[in-house]
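A.B. asks: Read off the chains here:
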Amino acid sequence: MHHQPLTDLDDAVLVGRSSDGDVRAFEVLIRRYTPLLRAYARRTLGSTDELDDVVQETFIAAWNRLDRLDDGTRVKAWMMRILSRKCLDRIRARRVHDDVTELEVAAPADDAPERVAEARSREEAVETALAELPEAQRRCWVMKEVLEYSYEAIAEELDLPVSTVRGLLSRARKNMIRLMEGWR
Amino acid sequence: MSDRDTVGLESLEPDDLDGHTIDELADYLDAGMQPADPSIDDSAACQNALAAIVRLRHSSLGSLEAAAAQEAPADESWISGVLANISLEARAGRDVPLRPEAPTERPVMTEGAIRSLVRTAGDAVPDALIARCTLEGDVTELGAPIRVVVEIAVRTGSTIQQVASDVRETVGGVLATQTDLVVEAVDVVVRDLLPPPDEDSADTADTSDTAAGEEQA
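Residue numbers (my numbering), protein chains in the order written: chain A, 304 to 487; chain Z, 78 to 294.
Pulled out of the complex, with its shape left as it was, chain Z reads as follows (with noise of 0.2 Å):
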């Protein structure tokens, strides 16, 4: 039997906690044991407690863990279930107004697809993955001048500078030939680094892509 045990864990009232209530020591915890309290600290019987409680919150997320470990992957039908019902419209964003040809036309784009555009030619970067894509300014203006933000990855190994500009340069083409934004900068971010290049790379879920929001007229 080890000493903790020794020490009145079986009542757990403050008694047996030199005058502390558990629920103070668990508050104390959540604290970050700040600001120190020495009839905390100094007691063993709340250190022992404190102990306690540490040990069940590491085996409480620990025991879901294991519990997720024990569920069946997810079902491949529930998850198509699952697709089909998500809105792409929910992340489709604002109406991007195109050129019109005929004066009565409105043609607009979503943002979402624009995003989609971006994303397709970033990640056709080498070494390149895009991880956002923010279009800051008035997009719904014609003609208003925007910025792009582009988050990006990239892999371990290459030239970061490199990579940047050359996605930087890809992006500002493409929404140059695709749409009728007036671009002022394209800002390039690197948010993460990718792992380096796998020997035997296995193609099963690539980066082609699936845009939330179609063009319309």
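Just chain A, with the same shape it has in the complex (with noise of 0.2 Å):
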């Protein structure tokens, strides 16, 4: 009998079946995204060796709430808010505080334009300007640009007051934006 590879099968098809407990089709959507998955956990925890085990408890916890997804073809971006918390439950680990006002001042380094500037491809570019973000910033940027998490939403998972969050979304902009700029 020909049976339909599931490896071809779109997200939404493969969510319903994993829902319904099919671990075949759970585990081409682990195939399909780790990758992902890693770049972003990577980008937001820097190269750990924690990088395995944050992306494992991400699928995990997904495979767990899977009926709580209603829209199947949404599967990336939802799996992506999963780690992104993930993500945060470990930064906290690490560090018990983060003060406030040194989030507010912190700015990227005189040379970053010029590394910026440096860049071959538009996406090095916006990767090395983002590394050269202060690290509450890049955390803000990429939960409202990349996860399109509202400001409160951020304000939430981060534990800061939405005018934190603003305000740290502002100078990332500004940063991101004059780094880019220096780039072509």
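No lab work stands behind these hints: they were computed from the structure. Wrong hints could be hidden among the right ones.
Between beta-carbon pairs, the in silico distance windows are [unchecked claim]:
1. T217/Z - T376/A: 30 to 36 Å
2. R371/A - E153/Z: 37 to 43 Å
3. A456/A - A161/Z: 18 to 24 Å
4. E438/A - T217/Z: 46 to 52 Å
5. Q239/Z - A396/A: 42 to 48 Å
6. E438/A - A146/Z: 22 to 28 Å
7. T351/A - P272/Z: 17 to 23 Å
8. L270/Z - E455/A: 38 to 44 Å
9. T376/A - T197/Z: 45 to 51 Å
10. G349/A - S164/Z: 26 to 32 Å
11. P203/Z - R397/A: 52 to 58 Å
12. E438/A - A201/Z: 25 to 31 Å
13. T376/A - S164/Z: 24 to 30 Å
Computed from a predicted structure; not experimentally measured. Note that the Cβ used here is the ideal one computed from N, Cα and C, for glycine as well.
If you follow the hints, you should be able to join the two separate chains into one complex; please do so.
C.D. replies: This is how it looks when you write it as structure tokens:
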């Protein structure tokens, strides 16, 4: 009998089958999204040996909550949000507290524009510019621009006042635009 | 040097953006530029800054995809580890009673096991693939009437009505023989199309199944 390979199926069908308990379908989703999730975790946590664990925790949490995902076509964004929370938990565990005033004043290094300007592609330039942002700005920026969180949701996740998040994003935006305008 | 570099992207303060902040512009973009604000739409400086924000957004997403392409594929032993750590019970659903053979017995089958039966049977129908199966009604009460909703994907080029009808019949049949559910109706919903048949079909990851939730007495 000819079986349809699951690897060709789109996300919505795989999510439906996984939610029904089909481990093989979920395995396809794991293969499909591990590189993206690892890249996101690397961007958030740096290159640590925690990447494997945090991505594994994300898939396990996703499996457990699959029935709460209404629209299977959104599984990629949904898993990235789960991952982002897992990453934040790790960051919180690493450091007991963030000094809010320190968060507000940090700025990219003086030679950041030069490093961005040397990038060979637009993607690489963004990667370099992001790496130059102070950590709190980068975190807010990625949550807003990649995960499409609202200001309020970012504030809640980071346990910061909304006004602080707005301030951080404002700085991040200006820094990113300036750094990226230097690249071309 | 292009035009946009000549208009105040250095400071990005309201003085350079006809009185707007960069954050107002980003929020305006988030709102789909609705309702229209002529003081933004008619300002060259603002349009410039908006274009810079849009470029940045595109490349932010692009850079993550590019970074993902640089990551190695998922390690096989790591995948096995993840799969070993997921809980089949999490997807097992409700306990569905079976007709007891002795008064002291309380045999049940999990909803997950029933969905697995449906999946296996439905996948075996030519040109069909089960996307999802939902049992509607109080399946926890023996003899209560229920409806089964089966969402399927159908092979491009096949006769959709025929495939749907075959799935309905097959699923109804397997539930009648292997469960004690009183099925009022099997509703088949076509959700998706499968690509046309592949000539050299390699059978590496086929639909043979691992079920969540085993039958238990």
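A.B. asks: It remains to establish, for every hint, whether it holds in the given structure.
C.D. replies: Hint by hint, here is what the structure shows:
Evaluation of the 30 to 36 Å hint for T217/Z and T376/A yields a pass: the beta carbon distance comes to about 31 Å. Taking the beta carbon of each, R371/A and E153/Z are about 29 Å apart, not inside 37 to 43 Å as hinted. Checking the proposed 18 to 24 Å range against A456/A and A161/Z shows it is violated: the Cβ atoms sit about 33 Å from each other. Distance hint check: the CB atoms of E438/A and T217/Z are about 50 Å apart, consistent with the given range 46 to 52 Å.
With their beta carbons about 57 Å apart, Q239/Z and A396/A fall outside the hinted range of 42 to 48 Å. Under the hint 22 to 28 Å, the C-beta atoms of E438/A and A146/Z, about 25 Å apart, fit the expected range. At about 40 Å, the beta-carbon gap between T351/A and P272/Z misses the expected band of 17 to 23 Å. With their beta carbons about 39 Å apart, L270/Z and E455/A fall inside the hinted range of 38 to 44 Å.
The given range of 45 to 51 Å is broken by T376/A and T197/Z, whose C-beta atoms sit roughly 25 Å from each other. G349/A and S164/Z have their C-beta atoms about 30 Å apart, which keeps the hinted 26 to 32 Å range intact. At about 55 Å, the CB distance of P203/Z to R397/A agrees with the hint of 52 to 58 Å. Here the CB-CB span from E438/A to A201/Z is close to 53 Å, at odds with the stated 25 to 31 Å.
At about 25 Å, the beta-carbon gap between T376/A and S164/Z stays in the expected band of 24 to 30 Å.
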